[in-house]
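**Q** This is what each chain is made of:
There are 2 protein chains.
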Amino acid sequence: MQFPDTLVQDEGGRIVLLVLDGLGGLPHPETGLTELESANTPNLDRLARSASLGLQLPVGIGITPGSGPGHLSLFGYDPVQHDIGRGVLSALGVGFAVKPGDIAIRLNFATLDAEGRITDRRAGRPTDQENVRLVKKLQENVKGPGGVDVFFESEKEHRAVLVMRGRQLSAELADTDPQEEGVPPLPAKARKAEAEETARLLQVVLDSAFDVLKDEKVANGIIARGIDAYHPFPTFFERYMLRARAIAKYPMYRGVARLVGMDGARVPENDVETVDVLSESFGEYDFHFVHFKAMDSRGEDGDFAAKAKAIEAVDALIPRIEELKPDVLLITGDHSTPASMRAHSWHPVPVMIVSRWTRPQPDATFGERSCARGEIGIVPGRDLMTLALAHAGRLAKYGA
Amino acid sequence: MQFPDTLVQDEGGRIVLLVLDGLGGLPHPETGLTELESANTPNLDRLARSASLGLQLPVGIGITPGSGPGHLSLFGYDPVQHDIGRGVLSALGVGFAVKPGDIAIRLNFATLDAEGRITDRRAGRPTDQENVRLVKKLQENVKGPGGVDVFFESEKEHRAVLVMRGRQLSAELADTDPQEEGVPPLPAKARKAEAEETARLLQVVLDSAFDVLKDEKVANGIIARGIDAYHPFPTFFERYMLRARAIAKYPMYRGVARLVGMDGARVPENDVETVDVLSESFGEYDFHFVHFKAMDSRGEDGDFAAKAKAIEAVDALIPRIEELKPDVLLITGDHSTPASMRAHSWHPVPVMIVSRWTRPQPDATFGERSCARGEIGIVPGRDLMTLALAHAGRLAKYGA
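In the order they appear, the protein sequences are chains A and B. Remember, my numbering sits 1062 above the position in the first sequence when you count from 1. Remember, my numbering sits 1062 above the position in the second sequence when you count from 1.
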């Protein structure tokens, strides 16, 4: 066990981590205010006046985080050292019980012409229902080559997951996705000699899948991406002695929480229900990770006003969360998603820690510029867990 | 290739790095304002109101950087890990084509008395023309000992460069400069056993040089300093996929840029011509390093007002640089040179990034105290390249 996990104590306060996905933003050209600064957030601003404020860098200066690294960082894991491929994240996200050594692969259903060239890398974006039918067909008809089990799982639209299990498989395989249309999918190919046999086995699986799909009108092919082996991470409980659970509507975020060993919970349909679920069995856990998605989606849409509204919707739920009386309430995002950029960005993310033990700025609000002047400074995102544990009284003094 | 270089993309905006050598300063005792805060800089202040501001530490907290480390850091190289001696910097600076394994040595012409004791460590600061004559005399008459080629190159005034090439040379040699007058130069001496043979060879070269210079009235001796082997660095293009060039009046700064593989350009005579050169072929490069020297020189003179004037002279050139429409304009120094200290110092250096993607403080100016409240925070200088690449849209998202 590494420092500072060595200081963790098995008692202390209850921590709630609220992740407002894509929270950070950039100023609107007319007002000079960011989405968060523009939003009417009486509850967050009230908390900010008694909180520790700061900015956090999920991966590092100038680095734009994907959702996986952004969350791993919030959970206290160095996201560069703990590199996880999209395949494993997708498998975890759909709730598949991955085991050490499993190879997880993201699949796209695709449309191929009579010569086997890709004409649509997303097979016309099938409905989720159609996706389920296609995946069932593959699962029932594709047999794993000798000694290898194969599992197909639905994700959404054109996306599915393939897990290969058994023997000594290697994930050192290139994508079969050529990243363009008008050419056939690439053959399975090893990136290192140790993966030659796995490449051969994957090609057998893919050939069989093509055969099963050959009479489909639209989704008559698949392409494989993000091929990745599952290596278990040290769990949240092992590192922090926290009984932790994740409450998130979207599979991807449940997946990354599972990766660090958090329990699941009833899957909420919307933000209000997210707080309902948080209230259920609240006392049975030491740590709750609660995920709100909408600000990121509206940011990626480039809709500044809608992103501000999404933040206001979360603000309105804050009093219900306060009623649960967590000892530490940590509110931040997994990355910035400025509406002006329509994408994730590298800009540091506002963070607020509400507890009894803060040095607040009495004129503070919850916004990028206010947080830049806060007590916490601009810190690596992965240090926030240490800070939350400290505020919860869960870290022993270091040294005599 | 190391993270985050792995994220670099071969497309994106154009970056201009303006280095105002020795930019950072300390308050004047009467006004309480630093050189930069005192200077009348309407253009820099206008940019500051829409820029990202911060402070950067070229080497680390409390460390006073030399010019080489200060620039390497700005170029994104850890200056402690990438230690380069002054000899190699000087050789690169004068445009000598150093090769891996070459040993580069800075020479001072010196005046010795009849007993061989140094009476002037700078030989009365000869003119550059006199320097050229002396160096030519050495190059024509000093023969390399068996298997070793020797190259003498002019630098300026009393300074020259010696490069030794061939066999298995070691740079683990002490200076022959005793750093005082009234004593003779020290003999060439190995600092490690592996360098014994190179020390012997260097002494043969130095003895021969003394013999060649023995009838000179003033420059009748040489002393050797900054002995260093050349090991190639990963280049700017390899790391960042940037076609980069350096525009600098002084050889030393062209040298450190060459060390990381930047192209050269026409050598400007003054600050105004520096911007002329920047304008020439501007579109053919992705990255321009532009060096302004005067604030450092005036800071070392201890002339507070002249240092402020030197900053104002660069400020006046800013509109012409803006006309070139760089996507990212990064303005900083390689270190601080407070006039009150008459020397480089460890104080963090103001930095400003002008791009479309900033979170400005609307009341900002470009000064040490204003930068301390900026969005960037106080960061290692070597992280600025990552940030500039991000602002230029040249870094891919990390992780899915």
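Any given hint could turn out to be false.
Since copy identity is lost for identical chains, a pair holds within one copy or between any two.
[Stated by the list, open to error] In silico SDA-like pairs for lysine to any residue, Cα to Cα no more than 25 Å straight-line: (1) Lys1459 - Val1441; (2) Lys1218 - Gly1157; (3) Lys1254 - Ala1462; (4) Lys1251 - Tyr1460; (5) Lys1254 - Arg1431; (6) Lys1459 - Arg1287; (7) Lys1254 - Gly1461; (8) Lys1254 - Asn1203; (9) Lys1199 - Pro1066; (10) Lys1459 - Asp1445; (11) Lys1459 - Ile1125; (12) Lys1161 - Glu1217; (13) Lys1279 - Arg1221; (14) Lys1199 - Glu1234; (15) Lys1218 - Arg1179; (16) Lys1459 - Ile1440; (17) Lys1279 - Arg1421; (18) Lys1387 - Gly1455; (19) Lys1459 - Glu1362; (20) Lys1276 - Trp1419; (21) Lys1459 - Gln1265.
Just so you know, these hints were derived from the structure itself, not from any lab.
**Q** Run every hint past the structure and note whether it holds.
**A** Hints, verified against the model:
| no. | hint | in the structure |
| --- | --- | --- |
| 1 | Lys1459 - Val1441 | both (21 Å within a copy, 20 Å between copies) |
| 2 | Lys1218 - Gly1157 | within (13 Å within a copy, 60 Å between copies) |
| 3 | Lys1254 - Ala1462 | between (50 Å within a copy, 23 Å between copies) |
| 4 | Lys1251 - Tyr1460 | between (50 Å within a copy, 24 Å between copies) |
| 5 | Lys1254 - Arg1431 | neither (47 Å within a copy, 53 Å between copies) |
| 6 | Lys1459 - Arg1287 | between (46 Å within a copy, 17 Å between copies) |
| 7 | Lys1254 - Gly1461 | between (46 Å within a copy, 22 Å between copies) |
| 8 | Lys1254 - Asn1203 | neither (30 Å within a copy, 57 Å between copies) |
| 9 | Lys1199 - Pro1066 | neither (49 Å within a copy, 42 Å between copies) |
| 10 | Lys1459 - Asp1445 | both (17 Å within a copy, 21 Å between copies) |
| 11 | Lys1459 - Ile1125 | between (33 Å within a copy, 7 Å between copies) |
| 12 | Lys1161 - Glu1217 | within (19 Å within a copy, 56 Å between copies) |
| 13 | Lys1279 - Arg1221 | within (17 Å within a copy, 79 Å between copies) |
| 14 | Lys1199 - Glu1234 | neither (28 Å within a copy, 61 Å between copies) |
| 15 | Lys1218 - Arg1179 | within (23 Å within a copy, 66 Å between copies) |
| 16 | Lys1459 - Ile1440 | both (24 Å within a copy, 20 Å between copies) |
| 17 | Lys1279 - Arg1421 | neither (63 Å within a copy, 50 Å between copies) |
| 18 | Lys1387 - Gly1455 | within (15 Å within a copy, 43 Å between copies) |
| 19 | Lys1459 - Glu1362 | between (43 Å within a copy, 14 Å between copies) |
| 20 | Lys1276 - Trp1419 | neither (63 Å within a copy, 48 Å between copies) |
| 21 | Lys1459 - Gln1265 | neither (55 Å within a copy, 30 Å between copies) |
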